[in-house]
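Enquirer: The listed protein sequences correspond, in order, to chains Y and A.
The first sequence begins at 2 in this note's numbering and counts up one residue at a time.
The second sequence begins at 252 in this note's numbering and counts up one residue at a time.
For the record, the hints were derived by calculation from the structure and aren't laboratory data.
Treat the hints loosely; a few may be bogus.
To be verified - One-sided and incomplete, this derived list gives chain A residues near chain Y with beta-carbon spacing under 8 Å: (1) R261; (2) Y275; (3) G286; (4) T331; (5) R445.
Said to hold, decoys possible - Stretch-level coverage of chain Y by chain A, calculated; a stretch enters the list once three of its residues show a Cβ under 8 Å from a Cβ in chain A: (6) 9-16; (7) 56-64; (8) 84-98; (9) 103-111; (10) 230-243.
Glycine included, every Cβ here is placed at the ideal spot set by N, Cα and C.
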Amino acid sequence: MSRDAEPVSAWREATIERIVVRTPRVKSFFLRTPLAHHVAGQHVDVRLTAEDGYQAQRAYSIASAPGEDAMELAIEELRDGEVSPYFHEVAQVGDRFEVRGPLGGHFIWRARDGGPLLLVGGGSGVAPLMAMARHRAQAAPDVPALLVYSSRTWEDVIFRDELLRAHDARNGFDLVLTTTRGPRGRPQDHERRLDATLLSAIMGRWGHAPAHAYVCGADTFVEAVTAALVRDGIPAAQVRAERYGGPAS
Amino acid sequence: MSTRGFTGRRPTQAAAKRLPPGQYQTEDFPVLSMGPTPQVRLADWRFTLHDGPRPLASFTWDEFEALPRTRWRGDIHCVTKWSKFDTEWEGVTVDDLFAAAGVTPPTGYLLAHSFDDYDTNVPVADLVGGRAMIATRFADAPLHAEHGGPARLLVPHLYFWKSAKWVRGLRFTARDEAGFWELRGYHMYGDPWREQRYTDDP
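Let's have the full structure, built from the sequences with the hints guiding it.
Expert: Encoded structure:
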């Protein structure tokens, strides 16, 4: 059986090609892997193995656009974590570990799915939304898209420069940021928790009715945002959610 | 293949015995769902058993609450890799439900259906014999909507996506029909001890 015919669930070797510091708590790891191309929004499972055979697995969303040479995982270092401290404190370019995937068949967006496209992210929950925004820029630039992204502070905004550039290009991609523990960086941004009132005001200014909404972040964030979208009249079936559960990983 | 410099944070020996492969223990109760949490009013709640398209029995909330109740304490395992130990549930076992409805399972398979149009397939044999319940209480309190309330299926020996939240009924099927996640890359059976996470896991 050729390598390409291996099932999606087979563990394959990934090599770290490049590491980019995104924020004080988030680094991006660019991986070379033999995995099949992903669909924007999908994740991979990562498996680390200690010398005595002990293993730990976690899932990480893919932040790169489908078809890029290297797969980008944006990993936040979590206090009391087991796998994320390895990535932040140990991993170097050239290091290898195992991955399988790409996985997930619901929290995904393809160019042919069209728009308008609403993306709402909290913290490192922006990762799969970034894959969608990048995919849109490459494959469906006519689709109107809005990313509403909540971070602790301006310094914690992952992919900040790339997102600001995409917004400033005025080609149908809009970015609204809100910071919960620090000052905003642009006049049009916000300095408060993303609640139903704020979200409704942001959507009103955007002026599109989303055909697809994707919400990703911590449990409480996703719960609040998805409930707000439904109350605002968006059919529940058009709202897809992915939650980063409570435990450190 | 070992990972240079990875040592890990080992579970205690006692915990390790209770953790299926690839799982880690959490003290939290994380949420996994595909979309918004449906708000189901008890006045509108109905639980229905179907054989294919044919309705067999239906319960209102009050009728359901009058059925014999069972408590279960044990470990649950989510395919996203967390396991939670010693969770405490209360509800109506599927055996008691079938008995109250006067239903003898007409087939070996069924789909659990939810108020948010989610569904998941489970063999009938995995639901009877005291192995599963329709749970309405968690840790001595009514089950919170975020965790599937008013009622969810509880099949703790399978990955937790099989324990459909906001459950509104069970429908017997002639064959093993894939449900929501099973159509989207996840395993048809989902035994955590055999690590059956994804479609082509053995």
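Enquirer: Verify this for me: three or more residues of the segment 9-16 of chain Y with a beta carbon less than 8 Å from a beta carbon of chain A.
Expert: holds (count 3)
Enquirer: Would the hint on R261 of chain A stand, with a C-beta cut-off of 8 Å toward chain Y?
Expert: holds (6 Å)
Enquirer: Using a Cβ cutoff of 8 Å, are there at least 3 residues of the segment 230-243 of chain Y near chain A, or does the coverage claim fail?
Expert: holds (count 7)
Enquirer: Taking 8 Å as the C-beta cutoff, is the stated coverage of the segment 56-64 of chain Y by chain A satisfied by three or more residues?
Expert: Result for this restraint: holds, n = 5.
Enquirer: Hint validation: R445 of chain A versus chain Y, beta carbon distance must be below 8 Å. Holds or violated?
Expert: violated (12 Å)
Enquirer: If you take the shortest Cβ to Cβ gap from G286 of chain A to chain Y, is it below 8 Å?
Expert: holds (5 Å)
Enquirer: Less than 8 Å between beta-carbons is the criterion; does Y275 of chain A satisfy it with respect to chain Y?
Expert: holds (7 Å)
Enquirer: Return the status of the interface hint for T331 of chain A: holds when the least beta-carbon distance to chain Y is below 8 Å, violated otherwise.
Expert: holds (6 Å)
Enquirer: Take the segment 84-98 of chain Y, compare each residue's beta carbon with every beta carbon of chain A, and decide whether three or more fall closer than 8 Å.
Expert: Holds: 6 residues of the segment 84-98 of chain Y have a Cβ under 8 Å from chain A.
Enquirer: Per the coverage rule (Cβ-Cβ under 8 Å, at least three residues), is the segment 103-111 of chain Y covered by chain A?
Expert: holds (count 5)
In summary, the one numbered hint that this structure violates is 5.
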